[in-house]
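Colleague: In the order they appear, the protein sequences are chains A and B. For the first sequence, the working numbering gives the first residue as 211, with consecutive numbering after it. For the second sequence, the working numbering gives the first residue as 211, with consecutive numbering after it.
Think of the hints as simulated: they come from the structure by calculation, not from any bench. If you're wondering where the values come from, they're calculated on a predicted model, not measured in any experiment. Check before you lean on any hint, since a few could be wrong.
As the list makes no split between identical chains, a pair holds if one copy fits it or if it spans any two.
[To be verified] With a straight-line cut-off of 27 Å between C-alpha atoms, the simulated DSS-like cross-links for lysine-lysine are: (1) Lys473 x Lys454; (2) Lys454 x Lys344; (3) Lys390 x Lys239; (4) Lys460 x Lys316.
Protein chains: 2
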Amino acid sequence: MSSGSDLKTLFERKKELIDEYLRETLCKKKIPDILAQSIAYSLLDGGKRVRPGLCAITAESLGIKPSRVLPLAAAIEMVHTASLIHDDLPCMDNDDYRRGKLTNHKVYGEAMAVLAGDSLLAFAFEISLNELPKQGFSQSHILRALSILSNAIGPSGICGGQALDITQEYGEDNEEFLWKMSELKTATLLRASLTAPAALVGVDEQTMSCLHNYGTHMGISFQIVDDILDVTGTISELGKTPGKDEASGKVTFVSFYGLQKAKELALNETKKAVEAITPLGEKFKVFVEIVEHFTRRSR
Amino acid sequence: MSSGSDLKTLFERKKELIDEYLRETLCKKKIPDILAQSIAYSLLDGGKRVRPGLCAITAESLGIKPSRVLPLAAAIEMVHTASLIHDDLPCMDNDDYRRGKLTNHKVYGEAMAVLAGDSLLAFAFEISLNELPKQGFSQSHILRALSILSNAIGPSGICGGQALDITQEYGEDNEEFLWKMSELKTATLLRASLTAPAALVGVDEQTMSCLHNYGTHMGISFQIVDDILDVTGTISELGKTPGKDEASGKVTFVSFYGLQKAKELALNETKKAVEAITPLGEKFKVFVEIVEHFTRRSR
Chain A
211 MSSGSDLKTL FERKKELIDE YLRETLCKKK IPDILAQSIA YSLLDGGKRV RPGLCAITAE
271 SLGIKPSRVL PLAAAIEMVH TASLIHDDLP CMDNDDYRRG KLTNHKVYGE AMAVLAGDSL
331 LAFAFEISLN ELPKQGFSQS HILRALSILS NAIGPSGICG GQALDITQEY GEDNEEFLWK
391 MSELKTATLL RASLTAPAAL VGVDEQTMSC LHNYGTHMGI SFQIVDDILD VTGTISELGK
451 TPGKDEASGK VTFVSFYGLQ KAKELALNET KKAVEAITPL GEKFKVFVEI VEHFTRRSR
Chain B
211 MSSGSDLKTL FERKKELIDE YLRETLCKKK IPDILAQSIA YSLLDGGKRV RPGLCAITAE
271 SLGIKPSRVL PLAAAIEMVH TASLIHDDLP CMDNDDYRRG KLTNHKVYGE AMAVLAGDSL
331 LAFAFEISLN ELPKQGFSQS HILRALSILS NAIGPSGICG GQALDITQEY GEDNEEFLWK
391 MSELKTATLL RASLTAPAAL VGVDEQTMSC LHNYGTHMGI SFQIVDDILD VTGTISELGK
451 TPGKDEASGK VTFVSFYGLQ KAKELALNET KKAVEAITPL GEKFKVFVEI VEHFTRRSR
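Working from the sequences, and respecting the hints, build out all of it.
Modeller: Now the structure itself:
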């Protein structure tokens, strides 16, 4: 692995595997028509598959065939998609566009969007609970991996982060609030995309700790870059409406620190992520490129 | 067990255990303030705890201390509460009252209601995955129990049923639609309240099959009685607005069959439930009373 294009190829190969698996999984499941359409619209829509890609690449770095962790990777993408569908609702961020097309509720209505999100949250666990044991992972490792996933969703994860984001209840300390919200809203699930497959494989605590720290800094850096792109990006680059954060008066890394300082912070978090993963040696070197690639991204 | 009041006492004792456990569980969890309040408002609100009660009573009938299945019982109640919060949303059933007080979104707003529901779905798995292993259940049994629970929530469970209910997409056969919707929307989670703890304990397939069939018929009967109460009940009895189904023109057992026939069907499903549980003998006799009690209920 030596260039951005190699990295792109690596993610694209994983994306193919994941897209295929998601499609098959959805096909096999008996779901009332209109709900199935609403779920498929958002789940099979050509997302970048960053999180399940990280999951598959983590498995590979740990010497496990990516195909074996596909149920977990799919579950992570289902959870991510559920959170996007609900975040886009009129009562939340009220977004009309996502991934370059109309948001779920604009097409299927709000009720079906709520149900599609709920369904995906439940389906994520169903598919993992049913399929991971068939891949020969130990049951205790499966329980731990899913505990990490559930924690990343719930009140201490993306739901908690989104609650902070929409209420902007930052008390007396804006700065602390901003970092906490970003960790919950963004870093927990990105981090779980590494730590959950690591738990599934049964890594030692030291490896887990390196991945955990890497995931936190990489996730925060990811959010800072998101905030930057919200200011500097275009709708065709982002696939969603830019300038929303600024318009809504929400505290972001850019609004709080200014654009220049936000860029520095993103680089600093990237550096910390690199430092965290370095002890894991050659096999995890790809994660250095990954976090650097995320930091340079334009969408 | 010989009278309705004994049964009431049995459920009330379980309710105390469950309420206490839910309260403790929520207290221990670090959750952003406003989200914690929204969750607590709906979760700790004096619901009847029918589903977790069934879970605890099933465990007891199988010779297991109810306290050991509390994480599962709590998870089932969290899932049920999540579904109520989301069902009440303006974009869904648009209900202002639930369990005798304002619905979650009327107090905390729609966004927080969506997040409270999502949080509870994730938290249900988190608490089960973390706490059930400590109760000494085998890991494979835990995986199976949670698979049953996840299936009861998702597109083949309450989400699928609610999707049918709101779209009323019954195709050519109203009658088949009505039964299918009721099974998904209501029976799957009530049934899982018996089959999930049974899986946790590791019962044989014959016992599982009896509980499964009992749960299905009991669940359908429960829904028929719900439809009847929607017509005959008052707001103070029900704790929610009656007459909603009729006003919305939805197909229900009452609108489709008429009140008299609906009552007969409820009794018939009750009878089938009793037949299904009878092979399990004396220890499950309480479930005969339970389904009969449900059929006679006025709220």
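Colleague: Hint by hint, which ones does the structure fall short of?
Modeller: 2
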